[in-house]
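Dock chain to chain to rebuild the complex, using the hints, since each chain is given by itself in its own frame.
Chains Y and A, in that order, give the protein sequences.
Numbering (our numbering) for the first sequence: 1 to 566.
Numbering (our numbering) for the second sequence: 567 to 907.
Do not take every clue at face value.
No more than 25 Å apart at the CA atoms, straight line, and that leaves these computed lysine-lysine pairs for DSS-like [as the list claims (entries may be wrong)]: (1) A:Lys585 <-> Y:Lys142; (2) A:Lys706 <-> Y:Lys142; (3) A:Lys694 <-> Y:Lys479; (4) Y:Lys175 <-> A:Lys585.
Simulated from the structure, these hints should not be mistaken for laboratory data.
Single-letter residue listing:
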Amino acid sequence: MIQHDILIIGAGLAGMRAAFEGISAGLDTAVVSKIHPLRSHSCAAQGGVNAAINPKDDWRHHAYDTVKGADYVGDQDSIDLMCSEAPQAVLDMDAMGCPFSREEDGTIAQRAFGGQNFPRTAYAADRTGHAMLHTLWEQAIKLGTKVYDEYFLMKITTDGGRASGAIVMDVKTGKLHQINAKAVCIATGGYGRLFASNTNAMTNTGDGLAHAMRAGAAAADLEFVQFHPTGLRNSGILISEGVRGEGAYLIGKDGQRFMQKYAPNKLELASRDVVSRSMTTEIMNGNGVNGGVFLDVRHLGRDLILERLPQIRQLSIDFEGVDPIDQPIPVRPTCHYTMGGIRTNKMGQSEQLQGLFAAGEAACVSVHGANRLGANSLLETIVFGKITGKDMVDFVTNREGRERPKSDAGDVQEVSAQIAQLKARPREGGAKQSDIRKYLTEAMQEYCGVFRSAEGLAQAMDAVNRAKADMQKVFVDDKTDAFNTDVITALELGNLVLLAEATVMAAIERTESRGAQSRIDYPKRDDANWIVHITSTVDPNGKLTLGRDAVRTVDNPQYAPAERVY
Amino acid sequence: MQEQTVTFRILRGTIVNDKLVQRTQDFEVPCDATTTVLHALEWIKGEIDGTLTFRRSCRASICGSCGMYINGRSRLACKTKVNDILAGNVAKNIAPAKDGVIEVGPQRNQPVLKDLVVDIEPFYAKVKTLDPFVQDGPEKDEHVTKDSFSQVNMVSNCIMCGACYSDCTAMVENPDFFGPAALAKAYRFVADPREGNKTERLKELSEKNGIWDCTRCNMCIDACPKGVAPMEAIVKLRSLAMEAGITDNRGAKHAMVFKDDIATWGVLNEPFMLLKTAGVVGALGQLGNALNLAKVGKIPNPFPFDHKVDKLDEVKAIYRELQENPIDVRTRSDDSGPGAG
Numbered sequence: 001m002i003q004h005d006i007l008i009i010g011a012g013l014a015g016m017r018a019a020f021e022g023i024s025a026g027l028d029t030a031v032v033s034k035i036h037p038l039r040s041h042s043c044a045a046q047g048g049v050n051a052a053i054n055p056k057d058d059w060r061h062h063a064y065d066t067v068k069g070a071d072y073v074g075d076q077d078s079i080d081l082m083c084s085e086a087p088q089a090v091l092d093m094d095a096m097g098c099p100f101s102r103e104e105d106g107t108i109a110q111r112a113f114g115g116q117n118f119p120r121t122a123y124a125a126d127r128t129g130h131a132m133l134h135t136l137w138e139q140a141i142k143l144g145t146k147v148y149d150e151y152f153l154m155k156i157t158t159d160g161g162r163a164s165g166a167i168v169m170d171v172k173t174g175k176l177h178q179i180n181a182k183a184v185c186i187a188t189g190g191y192g193r194l195f196a197s198n199t200n201a202m203t204n205t206g207d208g209l210a211h212a213m214r215a216g217a218a219a220a221d222l223e224f225v226q227f228h229p230t231g232l233r234n235s236g237i238l239i240s241e242g243v244r245g246e247g248a249y250l251i252g253k254d255g256q257r258f259m260q261k262y263a264p265n266k267l268e269l270a271s272r273d274v275v276s277r278s279m280t281t282e283i284m285n286g287n288g289v290n291g292g293v294f295l296d297v298r299h300l301g302r303d304l305i306l307e308r309l310p311q312i313r314q315l316s317i318d319f320e321g322v323d324p325i326d327q328p329i330p331v332r333p334t335c336h337y338t339m340g341g342i343r344t345n346k347m348g349q350s351e352q353l354q355g356l357f358a359a360g361e362a363a364c365v366s367v368h369g370a371n372r373l374g375a376n377s378l379l380e381t382i383v384f385g386k387i388t389g390k391d392m393v394d395f396v397t398n399r400e401g402r403e404r405p406k407s408d409a410g411d412v413q414e415v416s417a418q419i420a421q422l423k424a425r426p427r428e429g430g431a432k433q434s435d436i437r438k439y440l441t442e443a444m445q446e447y448c449g450v451f452r453s454a455e456g457l458a459q460a461m462d463a464v465n466r467a468k469a470d471m472q473k474v475f476v477d478d479k480t481d482a483f484n485t486d487v488i489t490a491l492e493l494g495n496l497v498l499l500a501e502a503t504v505m506a507a508i509e510r511t512e513s514r515g516a517q518s519r520i521d522y523p524k525r526d527d528a529n530w531i532v533h534i535t536s537t538v539d540p541n542g543k544l545t546l547g548r549d550a551v552r553t554v555d556n557p558q559y560a561p562a563e564r565v566y
Numbered sequence: 567m568q569e570q571t572v573t574f575r576i577l578r579g580t581i582v583n584d585k586l587v588q589r590t591q592d593f594e595v596p597c598d599a600t601t602t603v604l605h606a607l608e609w610i611k612g613e614i615d616g617t618l619t620f621r622r623s624c625r626a627s628i629c630g631s632c633g634m635y636i637n638g639r640s641r642l643a644c645k646t647k648v649n650d651i652l653a654g655n656v657a658k659n660i661a662p663a664k665d666g667v668i669e670v671g672p673q674r675n676q677p678v679l680k681d682l683v684v685d686i687e688p689f690y691a692k693v694k695t696l697d698p699f700v701q702d703g704p705e706k707d708e709h710v711t712k713d714s715f716s717q718v719n720m721v722s723n724c725i726m727c728g729a730c731y732s733d734c735t736a737m738v739e740n741p742d743f744f745g746p747a748a749l750a751k752a753y754r755f756v757a758d759p760r761e762g763n764k765t766e767r768l769k770e771l772s773e774k775n776g777i778w779d780c781t782r783c784n785m786c787i788d789a790c791p792k793g794v795a796p797m798e799a800i801v802k803l804r805s806l807a808m809e810a811g812i813t814d815n816r817g818a819k820h821a822m823v824f825k826d827d828i829a830t831w832g833v834l835n836e837p838f839m840l841l842k843t844a845g846v847v848g849a850l851g852q853l854g855n856a857l858n859l860a861k862v863g864k865i866p867n868p869f870p871f872d873h874k875v876d877k878l879d880e881v882k883a884i885y886r887e888l889q890e891n892p893i894d895v896r897t898r899s900d901d902s903g904p905g906a907g
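Pulled out of the complex, with its shape left as it was, chain A reads as follows (with noise of 0.2 Å):
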């Protein structure tokens, strides 16, 4: 890339009378190939406008400051590359910008407080309640080897920047969901030998707000630039929950029907499988749900008739195959991989 001016859209805000208003400020930056977002940012805030407010540190995208909305997804200022949001790049999984604009915002999923500031309270206040340390108890090891740690080490990448919690969608829905980073730290704790009480922790997290709150879109894997990968801790964390025999809930229980319904009929029973994993009651309250559904023609045959693949012996297949080589999700850390952005 050669030297050139780039427009940088900015997303800027003040609180006015307890209310944020927000407009977007554009600022012509002189950039080159290592240009960074955060390089671009500074240069602003030092030679055109004092104003710009931003968090930024370690420039090496260690400490986690510098998280914001960079065109379309969370990322670290200090680790995007201008040219890269403008060319695109497959490797970092960018598509190149739209009109050739660089636009920055604020992280979503969480209040601002200026410009691109946001307040980093909420999420950290969920970390702590999953009480992320170490603890004494009955499940506690202290016999570690060279391996002890290979489930821990990519969790334990995390820098808590909150690009996951910013661009999580069941936070959208839930904004009481702990969001991915919680839950990637938890498992940090339940995958460490040392932790006394394993068990206990699959608990609590298998209650509301927890690990059964993540619907599994993929977009945390996507936004994490140390490629921690935390969707795939929660999946890790869900299935040593069913393990330890805690399926007493909506989430374990619907995992469970849906596994059922595959194995038995090749295909999912949709309004069986609500009645299973909500109860009668809860399947009631879903009713309006389930009308628009129908309006809609979402609403598939309700009865189990008719309803069966053709090769279910090829389905059965695949269930022995897995019973037999389970798969390990990805959260061992043998390469940190490129990361998003």
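If we strip away everything but chain Y, and leave its shape as in the complex, we get (with noise of 0.2 Å):
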């Protein structure tokens, strides 16, 4: 059995950055992830990381923005303390060599982002995300932390009611190995790959998120599906938001800009569930082109895409044969991020789960609410997996951590017979795992997407029955143990699969439309009933249970929920 202080599984920017708090501190700290470091998906993140950096900004204000961008079900001590640290984190970022682009007097770059009263996105071109993940990756080297490279989630372990650590599959050779820790933080990004459209990673998965719910950690606001508004029309890539910050237009078959109609302020930069259901809306109207609209760049001409969207010019020419300069991009709304997760105090800790940290996407801390606002994601990934790592070495050195869990060395036997299980199935009579992802995905996109109905949302839970059944009987070709890819993707889709359940229930149970949540039969925000967040939990027969948990506020009279208008 290997042993270390504190585990966290997932190497992207939230993991590293707690990693990086567990090192500097002197502890035993290691990292797992599925896939190598650099090919997390935080690196897919364009646009950039909000901070009141500037003098004539205020952190108060962006805080302000991010209470109402979440529609008011945001939890306000969270925000505060996420705008109130941004500054500080982004020049830690600068300060371990991120390369933040420059204003002439060599001060941090900032550019526009929507629903924002202030430009306070800092970027690195087109490429903020991998930039960051970048340095955080070269102070992991730095610091020689210990990372378990291509290690895959099999189950979070407990001793009682504390995580204890978690068995991990080493997926170059297939063996098992079972990890003790004194402090896990889950730092495995979203699951958006739920959605047939989506621009997220094929790893993003939930796998932390779905074995945490297992380990008896409760979930929060996973009704909360952020649509991008512009995904790539065919492969449902991101095209950022950072290019309606420098002056795009959206458009429609004819040709004419339409969010007047929708946001006459904000226009494209009004919130983005409000952009997505505005294009949604037109599509449904027939001011589309096979299921999208239009962005439209050509007016910046082409010395400012070749100098700010470069990555954004080259992913249209490489995957819609469209090059910005001459011709509008095709895009439509795409499932892009999940705002629920593992529900966390402000520090990161799970209240259910002694011992059990998230953050990142993974976490529900819940800074984003009903809607995230752009550019708060990465900011959410250095800000708490700075101040979670630093509580996981706290919790380690002076609290409950200190003592050692214990682990069970039936909790290898029991992931090592599931694995059997799986390649003892026979392809006769079985359930293909490709048809399963794909009805599930496509009837999550449908009935559980943009806009959502009673009758919809039942729909899409006749298909979690469904794929809930068909797991039962999933079978994998690839009976080896040597980087088992098929039996990896077989438990994936089990994890996405526990996800849609939660998800839809949690849909099902809000009537009301808020942020995220557009329900054509609630239409109506419901301030009076659902200023609260669902919780869901898993019990050890799998059974899902929905609760509530109050929505935490601070004594601040301007977050009081008022109409959002953009």
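Given below as structure tokens:
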């Protein structure tokens, strides 16, 4: 058995930032990742990271924009913490060597992003996440951080009511390892692959979230799934909001802008949920082409496109066959981000499962509430990676975490049996994982997407139930041990099925429209009943139960719910 | 491109008793104009054969997982359109596929673990030995301006996909060569004003397996899917190293002798050049090579007499021009360019 003080699952920005704190404090810290750290999906974040670093800006304005953007179900203590810590978190990254773009005078350049009243988005060209991820990886090498590359999470283990570590599979050999740790942090990102059209990496299957729920942690806000307005029409690949920040227009089939109908002030830079609904409405009303509308940057001119949006231009050429210098880019709303995650306090600690922490998209510290603002996700990873990392250090050094929990060898046998059972299933009469993935993700897209209704959600639940039944007979072709990606994708699908059920249940439960949840049968926001988080827990038999958790507030009258107008 | 069935010839591999056993297997895959090689591989894995093994993640040419050898060059499967390979694409520097077959194999210069998956450890081990992080030191300049990272940006486009490493010809000769990606990463730090040990880095990079081991064959520039142009970064590192006076090595000496020969005679004097670059002992070590070359008539007259071009003054004019207007090699990121495949 392997022992560490702190075990972090996931080597994206949040995980690596948390690891930085563990190592810096001199604790034995290890990171497990199913892919090489530089492959983590953090690298795909393009536009930037919000922070009130300009002297004319104020973190309180950033916090206000975030509370409003979250449609008043974000936790205000977490939001205040994130926004007040944001400038230092960005400057930390700068000091580590992240090549942020600069103004003439050498200060960090900032651009406008949606739903905010100040251009406070720092960036490194249009590959901000990539630059930040490489920077944190560089730091991990500098500090000698132990990273288990290509190890797949099989189970979060517990000792009584306390997280005790994890069972992981070395992908290269198929060998199972038991890792015991005093604190475990889930930083495995989101589960956007649950939707047929998405901007996410194929590895974004919510493994850590699903396993944390099975281990006894609560999830929250799962009904809030962000559809990014501008995914490429064919592939769903992301075109950054930064493009609209630079002045791009959304136009319909008729070549005319339409956002003035929906957000007369902010237009294309309204909050993401508003823009996605507007686009979907235009498409449904026949102002689209092949299920998409267009993002037009031609008026920005060749020089600006080449200087500030080189990657965007390349993605459009590579994946859509369109050079944005000459033609508008076909786009449509595409699943982008899952606001929900492991429910934690503002330090990133689960209150249901002691010793379990979460940071980044996998967590629900709830800074995003019902709708995330662009460039607040990179910010969440570096702020809460840092805060959660420090809190784990404190937990292990000064609190209950000083005592090492026990690991149970029976867990390895259980996981081993699970894999053996999967491999033993015959193809004949079995269910093919590609089939399950297809009908499940398509049902989620259609019935649990930008617009929802009780009727549609019932259809989505039918698909979930069918998937649950099919997972009992899913088979794999690859029966070997080494680099068995057939087994891994089947297990990832199992994680997605659990998250699908929880997401649909929460979407049914919330009988109102708020942020990313838009119920056509309940079109109004219902502040009297629904300023609350819906939580989801799994009992030992795998049964999902919903609960409620209060939205954490601070005494700030500016945060009182008001109509969201952009 | 109409919807059509395309043959994928995939080099599969398994380790049997610690030895790699490879075979090709054909799959018939329905493709249309938008199908990428990754789409096709996913289709094969999902519909036909779940044992087919490859890495992939982002689908958007930013994570670097799906580097593989596709029709004669390392490419990212997610970025490579089947149609471009079949019909060729001049803008992307792709020649049409022979026989209309898409050939997919693992990247080269690295041990194969299974099918299209290679062991990336040696690649990353080399990057790590170059201390890939900004260091404090005497040359640190905290003052940055708008243009401070113009040299950094292009090389920091690198996604560590290994395409350049796979197709590097110098690596074939010297498996210990750091390789294009690691050296481009090193340039990222040398070019960063905040780096404190630029000269120290240049010294290390000028040693064995470093910048002077590159043969400047251009393969890394062709293979790079992100327009990083690692070889240009290597050339920059060489210039910077020589400017910093780090010339006590074969590579730098070779470059200087090369330059002097041309400036003096307008043509190379190869035997003398070897002597000046490698010294007497080193040159004797190359005697076997020299004899082989002489056998096939590739050793020119070693004497400097008669060894001069006609219009030497024009050669000298070129040197003067370059001295007055030095060329900046392409390491700036004004346009990431169409990339390769």
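- Query: Are Y:Lys175 and A:Lys585 close enough, with their CA atoms no more than 25 Å apart?
  - Reply: Holds, at roughly 19 Å.
- Message: Checking one constraint from the list: CA of A:Lys706 to CA of Y:Lys142, max 25 Å. Satisfied?
- Response: Within the cut-off at roughly 17 Å; holds.
- Query: Holds or violated: are the alpha carbons of A:Lys585 and Y:Lys142 at most 25 Å from each other?
  - Reply: The given pair, whose Cα atoms are some 35 Å apart, is violated under the 25 Å limit.
- Task: Quickly compare the C-alpha distance for A:Lys694 and Y:Lys479 to 25 Å and report which way the hint goes.
- Result: 35 Å, violated
Violation of the numbered hints given earlier is confined to hints 1 and 3; the remaining hints are satisfied by the structure.
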